[in-house]
Amino acid sequence: MSDSRFTQVGIRPLPPPLAPAPRRRRPCLSAFLLGAILLGCLLCDLFIPKDPAYMDLANCSRPPSAAFLFGTDTMGRDIFSMIWSGGRVSLFIAFLATAISTAIAVIFGSLSALAPPWLDALLMRLTEILLSVPSLLLIVLLQAVLGQPNAVTIAIVIGVTSWTSIAKVVRTEVRQIRSSEFVIASRCMGGGFFHILWRHLAPNFLPSILFMVVMDLRSAIVAESTLSFMGIGLPLSVISWGSMLSLSEKALLANAWWIILIPGLFLIVTLLCITDLGNRFRKNANRKESNL
Amino acid sequence: MSTVLYCLKKLAAFAVSLLVLSVVVFSIARLAPGDPLVSYYGDRAEKMSPAERAWAEERLGLHDPLPVQYARWLSNALRGDLGISYKYKTDVLEVIQGRLGNTLLLGGLGFLLIFGLSLLLGVLCAWFEDRLLDRWICRIGTVSSCVPEFWLSLVLILLFSVTLRLLPSSGAYTIGHAGDPADRLRHLVLPLTVIVLGHLWYYAYMVRNKLLEEVRADYVLLAKAKGLGKGAILFRHCLRGILPSYFSIIAISVPHILGGTYIVETVFSYPGLGALAYESARYQDYDLLMVLSILSGGAVILCSLIAQAVNERIDPRIRAGEVGPLV
Amino acid sequence: MTAPLLDVCHLTHVFRHGRLILRAVDDVSFQIQEGEIFGLVGESGSGKSTVARCVMNIYRPAKGSILFQGIDICDPRQRRANQKLLQTKRQLIFQDSASSLDQRMTVAEIVAEPMAIHRIVPPRGSLREEAKFQLYYVGLGEDCLDKYPTELSGGQRQRVAIARALSMEPALLVADEPIASLDVSIQAQILNLFRHLQEEHGFTFLFIAHDLAVVRYLCSRVAVMFRGKIVEIAPTGELFRDPLHPYTRALLSAIPIPDPQAERSRPLPPFDLPAPQGVLTEAAPGHYVLRSP
Amino acid sequence: MSALLDVQDLSVTFHSPHGLVEAVRGVSFSLQAGEVLAIVGESGCGKSVLCKSIMKLLPESAQIVGGRILLKGTDITGYTEREMRRLRGRAFSMLFQDPMTALAPTMTIGRQIGEAVLVHRPRLPRAALRRRVAELLDLVGLDPAAARLCPYALSGGMRQRSVLAVALASEPSLLFADEPTTALDVTIQAQVLDLLRAIQQKLGTATVLVSHDLAVVARAADRVAVMYAGKLVETGTAEEVFYDPRHPYTWGLLRALPARAREGEPLYTIPGMPPSLIDPPKGDAFACRNEYALAIDYEEMPPMFQITDTHFAATWLLDPRAPKIEPPVGRWSK
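Chains as they are written, first to last, in the numbering used here: chain A, 10 to 301; chain B, 2 to 328; chain C, 2 to 294; chain D, 168 to 501.
Note that these hints are calculated values from the structure, not bench results. Ideal placement from N, C-alpha and C gives every residue a C-beta, glycine not left out. Careful: at least some of the hints might be erroneous.
[As the list claims (entries may be wrong)] Lysine-lysine pairs mimicking PhoX-like chemistry, simulated, CA-CA at most 25 Å apart:
#, chain 1, residue 1, chain 2, residue 2
1, C, Lys-148, A, Lys-297
2, B, Lys-211, B, Lys-231
3, B, Lys-231, A, Lys-297
4, D, Lys-223, B, Lys-231
5, D, Lys-223, D, Lys-239
[To be verified] Covered stretches of chain D, going by a simulated chain A footprint (3 or more residues, C-beta under 8 Å):
#, region
6, 225-237
7, 446-459
Put together the whole structure using the sequences plus the hints.
Shown next as structure tokens:
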């Protein structure tokens with residue numbers, strides 16, 4: 010062993026640490042499926058074999074066959090064609106309703122969070138009272154105000170009656186961010202209201218409400234189909250997933266399972282995909298490990 | 002003394018909330034367009050002459066300005082006269098009486114089942130976090146939460162009533178067997194399944210996630226360091242920590258579960274209040290609507306107050322005002 | 002003697018918590034001269050952070066006045082008239098850099114934020130160049146520019162916060178326990194940085210700490226706060242040599258010394274003193290202590 | 168007589184998204200009954216992982232990959248959760264850094280202490296339990312009436328005292344104190360340290376005191392171990408480490424203390440930052456921050472050199488072939 014190893018050399022720079030391997034993103038089946046369904050609904054005019062609204066009275070309640078891929082309903086309409094064009098209506102309603110309720114929720118929630126305590130308390134009481142009014146009552150009355158139901162009025166009805174839960178999340182989030190030190194710091198530096206809103210509030214609270222918004226999309230789809238099924242939604246002549254399913258009770262008598270199962274399965278697969286996507290938006294990236 | 006004062010305070014809060022609720026419902030209902038005469042007189046209303054209409058409106062007290070109508074309704078209500086149903090032409094209470102029991106049976110049982118099962122499932126998932134059991138419960142739960150209630154009802158009818166002929170598909174009891182508990186139970190199975198499956202996962206998942214957050218708290222380490230077992234920590238410490246927010250949420254959702262039975266009641270032709278509420282709202286059956294809304298709203302407010310009182314016992318910080326609103 | 006940079010006069014701030022009224026800051030007065038590091042020391046709950054927040058206009062004091070460069074910042078009209086000056090010439094550094102930096106912004110964006118707010122044309126070309134320069138100033142390399150606060154260590158984050166404050170070339174830096182949440186070895190680095198900034202670039206600091214040991218090294222004058230009142234103000238050397246108020250003595254003896262034998266044999270004085278009373282009186286030139294009149 | 172605790176060559180790793188973290192790398196030390204050992208190091212050096220791994224309080228991603236832990240001569244390395252539970256509380260217990268979050272927020276102090284008492288004496292009658300809780304509160308210097316309070320009503324110092332009462336409930340023979348004073352005010356800090364010392368003398372509880380501040384440790388510790396990048400780099404009695412430090416890292420820690428600074432001189436700072444414990448550098452991990460580093464420091468890990476019976480340090484500077492260096496730290500003087 011030579012003594013040269015024991016000479017003093019002082020500080021030598023370390024080789025830079027290896028960059029962490031880029032995280033591979035898991036391929037996402039639900040995003041793919043949802044994309045396919047969305048695309049299919051948007052472009053349905055290109056490939057559906059029959060006019061979805063045409064009532065082929067000679068072929069009522071036919072089971073699935075080569076001629077009618079998914080069978081026909083009790084009024085002789087082709088279910089395969091109806092699913093795609095009905096999906097367009099259902100999804101349109103869902104997106105519009107979600108947009109409406111999110112807009113109301115964000116405005117109401119941030120207003121409540123930024124307001125002085127007494128106004129905040131008042132607004133929160135208001136939502137609580139609104140919550141304790143049965144939603145059915147609200148929906149029916151709103152329908153009455155808006156007149157003959159169509160896709161837009163249904164979306165408005167759903168949107169206006171489903172914003173409370175997001176509003177509460179928005180309120181808590183905004184409150185939390187508002188009193189955080191980086192916002193105080195920005196205020197001290199002279200950041201105006203819009204600067205703080207744009208640079209600090211929005212980027213920090215959007216990800217946390219994204220999950221809620223996606224879940225709201227899901228409940229809007231369910232709400233549309235339920236309303237139509239109950240007969241207070243879209244009329245039979247406007248094809249949507251809900252109005253298709255409103256024929257189910259007749260189908261039950263005719264024992265025509267495909268009228269119930271096939272549109273329902275489409276509905277559920279869509280909902281599942283949305284739920285899965287929503288769960289991915291949840292921030293659980295650097296979640297601590299369980300202490301238990 | 003403080004207990005009495007406390008109860009009085011809560012009671013006052015309850016009364017005030019009910020009053021506000023009744024004003025809101027009253028105004029919404031009356032301000033909405035629609036012809037209440039139709040529900041009273043049926044088709045005859047459309048053939049009435051203007052004079053006849055005026056007389057009819059006068060008779061039903063629809064002429065006066067809104068506040069007067071409300072004041073009259075309130076004073077009558079306080080004396081125990083809740084008005085008559087326009088559609089059924091009898092006292093509102095009578096209409097409700099026949100169906101209240103059915104709804105309480107269905108909704109109440111459903112509520113209790115959801116309440117208990119969601120806690121159980123949530124704790125189970127948290128105990129076996131990320132193990133096989135947790136994963137499968139989560140998967141099945143997610144799917145169940147995606148199935149719309151009305152569709153599930155249809156499929157269950159299709160399967161158990163139409164195809165297998167095991168269970169009845171409609172009604173609360175077979176005619177002539179009203180007093181037979183076994184028969185009632187058979188009629189309850191399907192609606193109850195739909196109600197429970199439709200709501201269960203939402204609450205169970207919430208319990209699970211809140212518990213998972215809780216077991217990451219520092220105090221769990223101290224509890225473990227002093228020699229407590231997993232069960233003791235999970236039940237005595239963590240569960241206790243999340244119960245307040247769970248109670249608050251489930252109290253708010255009483256109308257979703259109790260009142261939301263209307264879909265199920267409609268599909269299964271179950272004679273309950275849900276279907277009645279739906280009808281009354283649709284056909285401007287004012288007095289009936291008021292009573293039903295106040296009933297369901299009152300249930301919510303009452304449950305919230307109970308939850309609040311229970312929470313203050315569980316977590317003294319709430320009473321001291323150290324923590325903000327839970328929901 | 003020139004007029005002080007910051008003149009705090011009879012400052013009183015009250016918190017209301019339900020029916021409880023807490024006098025967090027009770028009749029506090031002190032002056033900070035240009036170019037000095039003024040230490041404000043006290044335990045948690047003594048009101049020292051409240052003073053800082055009043056100086057930064059985050060809280061509105063119940064009584065008293067604060068003059069900054071001759072502007073009464075408690076007077077709304079004067080404050081509005083000098084808004085831009087106040088926002089640029091006073092800067093705050095927080096204790097917890099993890100929460101005072103927005104986690105969704107990169108270091109470059111954070112450091113350049115004040116310039117962006119005030120739409121200052123960056124003298125070095127771009128905001129990014131400006132941020133790079135400021136980082137260099139506080140001893141951070143270019144490689145930090147595109148990182149997010151979570152990717153940095155505590156010491157680095159605190160440097161970023163300092164760089165952000167420095168970018169406006171403030172006349173007064175208020176540092177609210179900037180080193181309390183750092184490791185001892187990192188504390189030394191940040192302390193040296195403060196000292197360097199004061200000596201070489203003439204920055205003025207209001208430095209808040211709970212630890213007298215830190216203050217001794219850094220500050221030229223120190224005020225000791227106890228339950229909302231200043232109990233003693235003195236030049237650092239004098240305070241350590243001749244502490245007059247019993248609370249100051251207690252705080253001094255709480256400083257641990259890295260000598261096991263001496264430390265073990267040293268008894269602790271009682272810390273639970275009665276609430277301070279009296280008025281500040283001058284015991285020696287520049288050395289004030291709270292005494293009963 | 169065998170030592171109370173004997174840790175031999177213990178290694179602990181974590182799985183993290185960025186790779187395998189070698190948090191503890193071959194640590195050996197032993198502790199006699201009634202002794203106070205301080206473990207000092209910067210945050211992230213693995214000192215608190217070391218304590219938690221001995222008590223098996225680590226999350227599932229952590230694993231003991233090598234070495235043995237002997238408690239009173241019994242090997243507990245492979246103990247199951249059930250067996251560990253019997254030891255926790257009675258054989259060893261732990262104090263945590265943040266007293267604000269270490270207590271369950273919804274339970275009264277008394278119940279939390281009582282629970283800890285009952286773990287190992289489940290059949291204790293109610294009155295005796297109440298007496299015992301009062302006794303424990305008295306021991307840590309709290310009014311027994313505090314048993315009826317919830318944590319939110321207590322100050323930081325009082326909470327740390329309550330945590331101490333919980334930890335002492337079953338009279339453990341060994342107490343791990345993980346930065347027990349870091350979150351507290353200076354004055355409270357000194358009181359808690361004195362309390363720890365008093366309890367150790369009264370009950371004979373051996374204590375492992377973890378801290379990032381050497382100055383804090385001087386008051387309470389019998390022996391001091393300096394930890395860096397997952398390894399112990401110097402161990403010795405408090406006197407040896409403070410008066411005759413041998414490892415350059417210990418020199419750095421001592422010199423960086425503000426209490427040591429002389430007016431007018433800049434504070435000494437240790438250059439650079441601790442290395443990442445994912446794939447740590449070969450050789451001495453401190454070399455890249457050490458102005459006295461030798462060429463061999465970058466090649467080979469230094470062994471533990473023995474200086475006296477109790478004093479050890481892991482640096483090549485102690486090798487007979489190395490150049491002699493005058494330590495840059497003198498004895499502290501007022």
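Consistency of the hints with the structure:
Between Lys-148/C and Lys-297/A the CA atoms are separated by roughly 22 Å; this keeps the pair inside 25 Å, and the hint holds. Under the criterion of a C-alpha separation no larger than 25 Å, the hint pairing Lys-211/B with Lys-231/B is consistent with the structure, at around 17 Å. Of the supplied pair hints, the one linking Lys-231/B and Lys-297/A holds, its CA atoms being roughly 18 Å apart against a limit of 25 Å. At roughly 14 Å between alpha-carbon atoms, Lys-223/D and Lys-231/B fall within 25 Å of each other, so this suggested pair holds.
Taking the CA atoms of Lys-223/D and Lys-239/D, the gap is near 17 Å; set against the 25 Å cutoff, the hint holds. For the region 225-237 of chain D, the assignment as covered by chain A holds, since 3 residues bring a beta-carbon within under 8 Å of that chain's beta-carbons and 3 suffice. A stretch counts as covered by a chain when three or more of its residues have a beta carbon under 8 Å from one of that chain; for the region 446-459 of chain D and chain A the count is 8, and the coverage holds.
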